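S.K.: Work the whole structure out from these sequences, hints included.
The lines below spell out each chain.
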Amino acid sequence: MISVDHLVKRYGSKVAVDDLSFEVDKGEVVGFLGPNGAGKSTTLRIISGFLGLTSGTVKVAGHDITRESFDARGKLGYMPEAVPLYPEMRVAEYLRFRAELKRVPRGERTTAVGDAMAKANVRDVANVVIGHLSKGYRQRVGLADALVSNPPLLVLDEPTAGLDPNQIREVREVIRELGKEHTVLLSTHILSEVEASCSRVVVIARGKLVAAGTMDELARKRRSAGLNVVVRGNLDKALSVLRGVDGIAKASLARTAREASAQTPTNDVDDGSVHALRCSWSKKLDESATSHTTELAIAALVSAGLFIREASPLKSSLEELFGELTGASSAEADDLATDSRAAS
Amino acid sequence: MTSFWPIYKRELFAFFVTPLAWVLITVFLLVQGMHFFLLVDHFSNIGQQVSDQTPLQAFFGNTVLLYLVLFLLVPPMTMRLFAEERRSGTIESLMTAPVSSAGVVLAKYAAVLTTYVAMWAPTALYLVILRQTGEIDWHVAASAYLGVLLVGGGYLSLGLLTSAITKSQFLALVLTALVILVLFILGIGEFVTREGTLMHDVCAHVSVWAHMNDFASGVVDSRRLVFYGSLIVLPLFVTVRAVDAWRWG
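These protein sequence lines are chains U and A, in that order. According to this note's numbering, the residues represented by the first sequence are 1 to 344, in order. According to this note's numbering, the residues represented by the second sequence are 1001 to 1249, in order.
These are computed hints drawn from the structure, not numbers from a lab. These figures come from a predicted structure and were not determined experimentally. For every residue, glycine included, the Cβ atom is placed at its ideal position computed from N, Cα and C. Relax, there's no trap hidden among the hints.
Here are the simulated lysine-lysine pairs, DSS-like style, with alpha carbons at most 30 Å apart:
(1) U/26 - U/208
(2) U/135 - U/119
(3) A/1009 - U/119
(4) U/14 - A/1167
(5) U/119 - U/59
(6) A/1167 - A/1009
(7) U/59 - U/26
(8) U/135 - U/75
(9) U/119 - U/26
(10) U/135 - A/1167
(11) U/135 - A/1009
(12) A/1009 - U/75
(13) U/180 - U/26
(14) U/14 - U/208
So the derived label-pair ranges between C-beta atoms look like this:
(15) U/110 - A/1133: 51 to 57 Å
(16) U/106 - A/1132: 44 to 50 Å
(17) A/1018 - U/180: 36 to 42 Å
M.R.: Rendered as structure tokens:
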């Protein structure tokens, strides 16, 4: 449905989107993830035909967004960030205006507006002036607007930004429902958002693609951050052995499962106590290096006369992965954010 | 061009659902009503004395009230057309619908021109009143209203342009007022520059004052038509280009 190919967007000398390529297939609900100022809104604005691109090609439903802009715009429903609406109009009036603007034939307009209001769950405020609506309702009116011409593709820019948890849940439910009939591309900087509603995710940072795939694929990219081991034996001995292993930066006691008892000391090393220890790798290691270091650590413990009861990798959380993937310095991100605001 | 009608209707709706249009029309009709009253009073007092102009001519030409009113009313009419949409961001949903820039610009212009015509429409009653007491030269009335339409159309077109080049309604208001003022002052230049100089010719050509005097006495000069035609079309054209230019900003 969407194919973005080597997209570049510059604002003056600032590069907002840098050689970005990704695809969204029919029927997918794709999350477009990135920290604030990563170029998400800029990319979505280009896809929706609001902004021009510097180089590259963007196709929506097979139509080139610069050369066949009308056809492309007709195929997508776009909900801008912050959902700008005309405050003086009533909800139904506004949607009727949007339907006419989006060339819904006259005879079908009433049905189209009714359907969109039902899908976005705003029927109860059909005759309320938009300026009087709460943020949650405004957001859903924006959704109804994107839906009113029943486009095959929906592009939603931060659909849950600024909502309270109940409203977020409502909007997510609406999006999940929409995902059954429409292809959806939604941007967010909240990870749980993606987990809740998306089948696939595209992650960008500083205008560049950093990862793309299903949530499971992405989760597999989580690197082990360290090692958990449960050992029987002298605590100090175990810690000093672990600290001596090449590749381990820190080793610390997580908890002591059983205290040493004076009755059963067999030797200096095995005092009968059991400890859960946590080690972290000294630097970013790749998968084979972490396996190797794990083996080294276990071998060192065993040869020192300690007994290993458990060993498991310490996985980083999805949030940590997100941070690791995007890793933008906040100053840079702020710069870009101000930039794209100035340009709009 | 299918985007013309919905935008035109929405703009008119936006004008008349907010108090702005009603306030402007009320102020306009108060000023014009007062003007008309004073004129009629004046003409009835001079009685049978021979006068070189009729009330109609005096109402449309040789008066500063027409320009004063346009100077005060046109900027607030046009200021919000684009500036408001850009500030609130609604321009984004507007331009991502399958609409053409030209369609959007023309629809907005047509809507504000319609409001302008609606503003003047009640003054036709003055003709009906004058008709009670004497003859009316309908050709003069027609050419006077044509003049009003052209002058106002040019000002509104300039106002639309300034609204498109800034995000601030206030700045659009000030810029439009400034442009109208400069045009008027250039017109005064006709009386202060020496005849035969280039400056004099330029001033005479752009003098709204002289134009309206012509129109008010039934003279429809093709130079005036060309001048106002360009004053309407050029800003509209630049506005379309400005709207296109945002997306490359």
